[in-house]
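Working from the sequences, and respecting the hints, build out all of it.
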Amino acid sequence: MAVVETRNLTKVFKQGELGAVNDVSLITEEGEFLVFLGPSGSGKTTLLRMIAGLETPTSGEILIGGQVVNRLSPRERRIAMVFQSYALYPHLTVYKNIAFPLKAQGVPTTEHRKKVEWAAGLLGIGKLLDRKPRELSGGERQRVALARAIVREPAVFLLDEPLSNLDAKLRASAREELERFHESVGTTTIYVTHDQVEAMAMGDRIVVMNFGEVRQVGTPAEVYDEPADTFVATFLGSPPMNLVEKEDVVVGFRPEHFFPVSVLAGRAAVPDPMRGADREGPYVPLNLRVSHEEYLGSERILYGAIEGGAFHGKKVISRMSSTLSVRCDPGSVHAFAVTERHLKFYDRSTGKRTAARPGPWR
Amino acid sequence: MAVTPGKPASSGASRSPILGAVMFAPSVLFIVLLIGVPFCLAVLYAFSDARIGSSGLHFVGLENFRSILQSPSFRKALRNSIVFTLCAQAIVIVCSNVLSIALEKPFRGRGLVRFLILLPWVAPVSLGTIGWKWILDSIYSVITWVLVAFHFVKPYSAPMWLGEPHLAMASVILVHCWRLIPFSTVIMLAGRSAISKEIPEAAAIDGAGFWRTTFQINLPMMAPILSVAVLFGIIFTFTDMTVVYILTAGGPFDSTQTLPSLAFATGIAGSDLAAGAAISLFLVPVLVLVAYLMLRVAHRAEVV
Chain B
0 MAVVETRNLT
10 KVFKQGELGA
20 VNDVSLITEE
30 GEFLVFLGPS
40 GSGKTTLLRM
50 IAGLETPTSG
60 EILIGGQVVN
70 RLSPRERRIA
80 MVFQSYALYP
90 HLTVYKNIAF
100 PLKAQGVPTT
110 EHRKKVEWAA
120 GLLGIGKLLD
130 RKPRELSGGE
140 RQRVALARAI
150 VREPAVFLLD
160 EPLSNLDAKL
170 RASAREELER
180 FHESVGTTTI
190 YVTHDQVEAM
200 AMGDRIVVMN
210 FGEVRQVGTP
220 AEVYDEPADT
230 FVATFLGSPP
240 MNLVEKEDVV
250 VGFRPEHFFP
260 VSVLAGRAAV
270 PDPMRGADRE
280 GPYVPLNLRV
290 SHEEYLGSER
300 ILYGAIEGGA
310 FHGKKVISRM
320 SSTLSVRCDP
330 GSVHAFAVTE
340 RHLKFYDRST
350 GKRTAARPGP
360 WR
Chain C
0 MAVTPGKPAS
10 SGASRSPILG
20 AVMFAPSVLF
30 IVLLIGVPFC
40 LAVLYAFSDA
50 RIGSSGLHFV
60 GLENFRSILQ
70 SPSFRKALRN
80 SIVFTLCAQA
90 IVIVCSNVLS
100 IALEKPFRGR
110 GLVRFLILLP
120 WVAPVSLGTI
130 GWKWILDSIY
140 SVITWVLVAF
150 HFVKPYSAPM
160 WLGEPHLAMA
170 SVILVHCWRL
180 IPFSTVIMLA
190 GRSAISKEIP
200 EAAAIDGAGF
210 WRTTFQINLP
220 MMAPILSVAV
230 LFGIIFTFTD
240 MTVVYILTAG
250 GPFDSTQTLP
260 SLAFATGIAG
270 SDLAAGAAIS
280 LFLVPVLVLV
290 AYLMLRVAHR
300 AEVV
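Just so you know, the sequences run in chain order B and C. Mind the numbering: the first sequence is residues 0 to 361 in numbering that gives the first Met the number 0, read in order. Mind the numbering: the second sequence is residues 0 to 303 in numbering that gives the first Met the number 0, read in order.
Note that these hints are calculated values from the structure, not bench results. Don't take each hint at face value.
To be verified - Using 30 Å as the maximum straight-line C-alpha spacing, the simulated DSS-like pairs for lysine-lysine come out as follows:
no.	chain 1	residue 1	chain 2	residue 2
1	B	Lys114	B	Lys126
2	B	Lys13	C	Lys104
3	C	Lys104	B	Lys102
4	B	Lys126	B	Lys102
5	B	Lys131	C	Lys196
6	B	Lys168	C	Lys196
7	B	Lys351	B	Lys313
8	B	Lys343	B	Lys313
9	C	Lys196	B	Lys102
10	B	Lys13	C	Lys196
11	C	Lys196	B	Lys95
12	B	Lys314	B	Lys343
13	B	Lys314	B	Lys245
Right, dumping it as structure tokens:
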């Protein structure tokens, strides 16, 4: 087990162009599950590949277990990586796939069977050892890739979007399995994904990246509840945070905090059983002209624009539980509101978080 | 490498059988006229006493085969053909592999280098080989001239590249390799680029070095395409007579005579059509066997 650190790591693919990764300084904790989250082209995979040793940094340092590894080959870094395509060796059986790292690193042949069986047992693929990769399902291939990674007991695990090739149903169960797997082996893990649900569900901490820069590092709750800038605010959450501009600030609020006033008023009167007697506090009333509604079973999503006031015409989204039986017909105007403590404030020019401004916010 | 032919979406050919037949006809005609008829003629001649200029054909049974099997020059040609094919293929496979590794990653001027490497294949065989004939000439050879200039050999004892049996064989093999390597390299490059980039990367992370990645990952994954390259290479080499004919015409003392060149020398130049046909028929079982073996290997090694 080891800590991975990057110091001012930069990768420029073409001279004169903006770097794929710019001046990234990060440090993992021992045994942590760290997620790199960002849209495609955000540099998250390049960053991972530099840590793996598959890509040479333009500048900056990479440390694994306190040792600078910039000049070391992948094999000397004691890392294991699971690729998006799993990169199983198609001409070798599952057994030989898993044993390959042992063979390559000169582990005595007599120990191979024991170790391969241990790794295969851990992932429940003991019965597949004689098969070829092409005879396996997507989920089984992913487990073989994990077994091949775990078998030599690496210091660090690097996972590059390992679930993106699975169908939606399998992805959920594979995600849960990965979490349990990480708990049982406890190896420091870096996980790259563009899927915020995966990031929120699995990450101890999330590194949100965009255009090769780290926008925010924090626990899932921190990056979701307190986004550091407007990019993080809109990238996380589905539907994304509503952002409305007024003078030099951008005011943000999550769709799930934007309700009809009647619901909010009802809430203030009856204490939320989950939160005890916590009062919702003062709220900002806003009129919403609903343009259309999506019914998603457990929840309803309302799309519309604010009617009247300083935010007139700004497009916003409201998301509420479908247990709330408020009628919101498209085309009509409804009295909505968001509590003041759920407002986030961002500087309009930099997009960075700023101190709360006093109202009125109408 | 598994290529599953898609089912024809709508059967235009079945709706209009004439169109299907018309589209199919040229290739059938080509095969029948240029391969089928000569092959049948060769079989017919091999069992007859046909000679150039003779009017009648008499069936002589296995007489032609009996006589060529007893002739020392046939046995020598058979041995030479095998040596020629095996040596040339070994060199071609190794060199084209090395070249394909070198040409795989982009570098400045790669396009030009690829073009230059392809040239020997694109240029007409006879022209290229005549060029080599001059390079290896006993008097004007540039190779000899360079060796003399560097004092590796004395001018009066310079090697006769095409005049000494072993050197002549080596020269013929090397010129043939020069010609076949581009073809083989292109096939290897295609096979190499079919391997997902992540596989060698995974091998690097798993701790495999260059040799292990090459011999345990890349080459086995390229096995089907490699066997295609070998199959074509063997057929091109075993049946080739251009290089031999132009460089040495089989000499000195039949030391570079191969089956095709012997068949030509006997059947056309020596006007004994029947013996020439019988010699060339000896190529058939070998080629059929090679084709069968290689297709089996390709089928079994099918990956992904």
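Quick one: which hint numbers does this structure break? Sort them smallest to largest.
Nothing - there is no hint that the structure violates, so all of them hold.
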